[in-house]
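Got two chains here, separate frames each, mind docking them using the hints?
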Amino acid sequence: MNIASHPLLKLENITKRFKSLTAVNGVNLEVSHGEKLVIIGPSGSGKSTLLRSINLLEEIEEGTIHFEGREVGYVMRNAKRHPDRPQAISALRAEIGMVFQHFHLFPHMTVLGNVMEGPLTVLRKSADEARSIATDMLVKVGLSDKRDVFPATLSGGQKQRVAIARALAMRPKLMLFDEPTSALDPELVGEVFDTIHTLADEGMTMIIVTHHMGFARELADRVIFMESGNFLAQGTPEELFSAAQDNDRIRGFLNRLL
Amino acid sequence: MKYTASRAFVALLFLWTLTGSCFGAVDYDQLFRQSSDLMAQGDLDGALALLKQVPAPAADEEAGAFVSSRMQAGRILASQNETVKAIAVCQEVLKLFPDNSEARNFLAALKDQLKPGWHTVLSDVVRFLPSLARGAVMTLMLVLCTMLVSPLGGLLIALGRISTLRPVSGVCWFIIWFFRGTPLLLQLFFIYYGLPSLGITLSPFTSAVIGLGLNYSAYLGEIIRGAIQSIDHGQMEAAKAIGMSYSQAMRRIIVPQTYKRLMPPVGNEFIALIKDTALVSTIAMVELMRAADQLFNAYFNITALALAAVIYLVLTTIFTFIFEKIEYRAGIYEHR
Ligand SMILES: Nc1ncnc2c1ncn2[C@@H]1O[C@H](COP(=O)(O)OP(=O)(O)OP(=O)(O)O)[C@@H](O)[C@H]1O
Ligand SMILES: [Mg+2]
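Chains A and B are the protein sequences, given in the same order.
Sequential numbering from 85 applies to the first sequence in the working numbering.
Sequential numbering from 5 applies to the second sequence in the working numbering.
Looking at chain B on its own, in the form it has when it is part of the complex (with noise of 0.2 Å):
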């Protein structure tokens, strides 16, 4: 009894088998030709209903129909952006087959399609981070630079603008005309491009330097100048009054009180130089506008743009926060 049922049942199998290669191996190819010929059309859910009859083999049987049917099945549910479902089809053919090679690629190809957009940034920036790091410490060295320089210059240009001999103040008078009056960039073009001519040549990093350090001893001079003089002149007098000479007076008494007063307009055109550095880009220095652009033009990726304008802005709110601290500290004996 036992043994009848056995042998009844494979015979069976066989049967099953036999008719289904037979009758597969005529009329999957038609059902592909079918399928293309909807898709042509357009027709993508009639192609995709006519794959989905292929069905899957028994365990011996052979492969190929459904493998097919199903990665095209795929491709089309992909291609209508139903990633998912494309998963779907994918591991449907991955639970027979494990090691399929198209199916397993397919799918991991779908899956990263549908990591959201901050996986594909962040790769971005970890791709873009190291080029603008070092674009910014190059920035970062010219604001440093040109921050050391300019308040010295600046207090010489002021100092000399109130100076009572008249060739100290016109020639600090003309450098703050011309400085303030031409444009940065041209007067980077002219240091860069133009001072070769004259015999004088500069690496770009000297003369962004001396470029910027002038232009910002102008702007620094002329604050410099308003904040002296709007120290309350009492304090002279009281300085010479003790027998102070103009000279200590100055340095004793007004300069230092100029500091505290000095501090949120010097902040601003300090925030403003770490933007002005951009300008610096112009005359082949590498610097982080330089960094970013170049990257933007390798990949045509705005990550590189954005990244850059968050460090632009992680370094001007690092200088605001540390000039706030020094304000404070400056202006430390005005707090009762």
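Chain A extracted, bound-state conformation (with noise of 0.2 Å):
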């Protein structure tokens, strides 16, 4: 399969239901390799459950994901759909990077620990090399000197750059981060910023709801505006501002921001 020929993600007609009330609503997506991809959107409006659907933390009611040109999560048993084996959602899962807004690294390890843990439980890899490919995404994330330390002791950009090794130890071809900066003091978002510009430069396609529009218009290729689990609009970052000015939602959730 050529993987030039699909993109790596694929969305069709996801939607996504709590009881009565419809989180993401039929929504339609393509994410092609070495895409940025921001998301943005008031409160509520579906972000977190979209991202959660992609690496199958959320069931969803409807819809189709392919990923790399196969599809994923769901299989079709007597005419209905049932979530696919798990080792077969974990092997996705494992091929996707999550970063949580509230970082939840795993307090009972240290920070090599933490970001070893992947390579070795789930790659099956051996002490050293675990070692070896933790050692190697801290000093990414420029956190060497904190590898035998426990998340405790850490700042919150600390604890968000060790998310972000933690994820980049399984070697994923796609990165989700959900709000990756909202849980942090205003002085130390930079530093995450930082890090996720530097994976960009080396070419990782990702998706990134965020609320920090600089950040947006400087690293995205494409800006999503989500509303009641909709895309209301969605260009570059040029074209989505310009749009803005006919839009009286987005404008107005620009507005807040700014």
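In short, the hints are calculated from the structure, not lab data.
A virtual CB, placed ideally from N, CA and C, is assigned to each residue, including glycine.
One or more of the hints may lead you astray.
Label-pair distances were calculated between CB atoms; the ranges are [said to hold, decoys possible]:
1) L169(B) x L105(A): 25 to 35 Å
2) G185(B) x L105(A): 33 to 43 Å
3) S207(B) x S239(A): 51 to 61 Å
Under 8 Å between C-beta atoms, here's a sample of chain A residues computed to sit facing chain B [said to hold, decoys possible]:
4) F190
5) P191
6) T205
7) S228
Structure representation (structure tokens):
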């Protein structure tokens, strides 16, 4: 299969409901290799739910997900959709890195232990191999001097960089960032954005949910404005900001942020 | 001159002893009778006064009356709890007759009485300690076996309870419901006395470990389930996000984080376990409680029970200390 002939990720008609609430409402999206996609939108618009649906942390009610051209996550049985086998789901997640707003570092492991954990347990690398991968990733996020401390001793920015290193250690093909800087003090935001920038420069494909418009404008190939589970507008940063002139909702949202 | 003086002295001595012995032989009997009468009437002081009238004998004089009067006085004094005075009386006799065995034995008995209470307690302790120690070792064995079995059982029950497989969580729910809802004593009786009628005969020790193990697995199961569910849901998501399976996430990420939270309640349960092993004494196990009970029944001596209490306290204190240490170690990653 020729990788270049497919988008890395293709979402068709993704719909996720929580009881009567439709969090994601029939979304279509294609993300090509190396693309940097930023999703913005008001609180509760379904941005997190969409990201979580991509790596199957949420089970969607409708739609299909294609990753590298193959359909993933669900199988049809007796004309009903079921989640795929747990192994298949885990295998997909291993290829997609996710960074959470609240880091979710493993508090009982050292920084190195956190970053080693994926290669060691999931990829079944030897301890030496896992350690060398983890060490490389910590160098990349600029935290090799913190390798032997526990997460509790780190600042928020450092924690988030460790979380990024932990995701990178799996050598993912796609990185999902869900508001990676929202839990940080303003002066710590920069170091995390710098790290993401480095990744972007290396050609990593990424989808980032963020409220930082300056960062979005700088980094994004494409910005999507999401509201009530729908994509209201999308385009290059310039296109979106000019579209905002005509759209009250987007303009209102951006004005509140700026 | 010198000659006459010594002669006169000897004559005098002779006369004195003669009259003395004649007089004594007759009158001391009467004196003893009188004193016995006074004692019978309850006038112990009067009897004492009479007995004291018997003088100390001279060197070669017959000592019977003196000794018996003093011994009698000593007994009266001892009965009045005047141990010190009774001892003085004994010593008065022994000064003149160091070999008098009656006085010596009496003195030894009196001195024993004078010894402080702890001395008696100490000798009791020395007497009871070996069998209590054997009982304590048995108690410790039970505790350690249960402490080995029940965390594993508890973890299985906890994981079963939070399983999405209905039959599994149902069975685990039932185990918790049954073993927490019935008395441990009844469970032990059922296993040891009841199962033989179903053709399963178990030794007391096996029965005890099974009973305690199931019981504590059920309790720990609920505690462990609570601890697992108290771990931030983000931890499971983060583990899944790097591709871990449910069991990998549980084993590597979730369960290890429960250790620190588990230590205080599990420590509590294990302290309770140390004391609950006493119930096992009812199914023919000679552990600490049973050993103490046997000693108490044999000697009717409360020291046996007190000593058992002390041993229980020592055990619980040691375990409390160990659990605190483990709790600190388990949570070391939280210390900044
Ligand atoms: N597990 C859940 N159960 C029920 N409702 C949920 C759940 N998760 C999300 N929702 C609802 O789905 C909607 C979309 O939530 P989502 O977290 O995706 O929004 P968001 O765009 O990420 O918002 P924010 O900017 O605040 O993070 C919200 O109304 C939210 O209340
Ligand atoms: Mg969100």
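The hints, checked one at a time:
1. L169(B) x L105(A): 25 to 35 Å: With Cβ atoms ~29 Å apart, the hint holds.
2. G185(B) x L105(A): 33 to 43 Å: holds, 40 Å
3. S207(B) x S239(A): 51 to 61 Å: This hint holds: roughly 60 Å between Cβ atoms.
4. F190: This hint holds: F190(A) lies near chain B, its Cβ roughly 6 Å from the closest one there, short of 8 Å.
5. P191: holds, 6 Å
6. T205: holds, 5 Å
7. S228: violated, 20 Å
In this structure, the one hint that does not hold is number 7.
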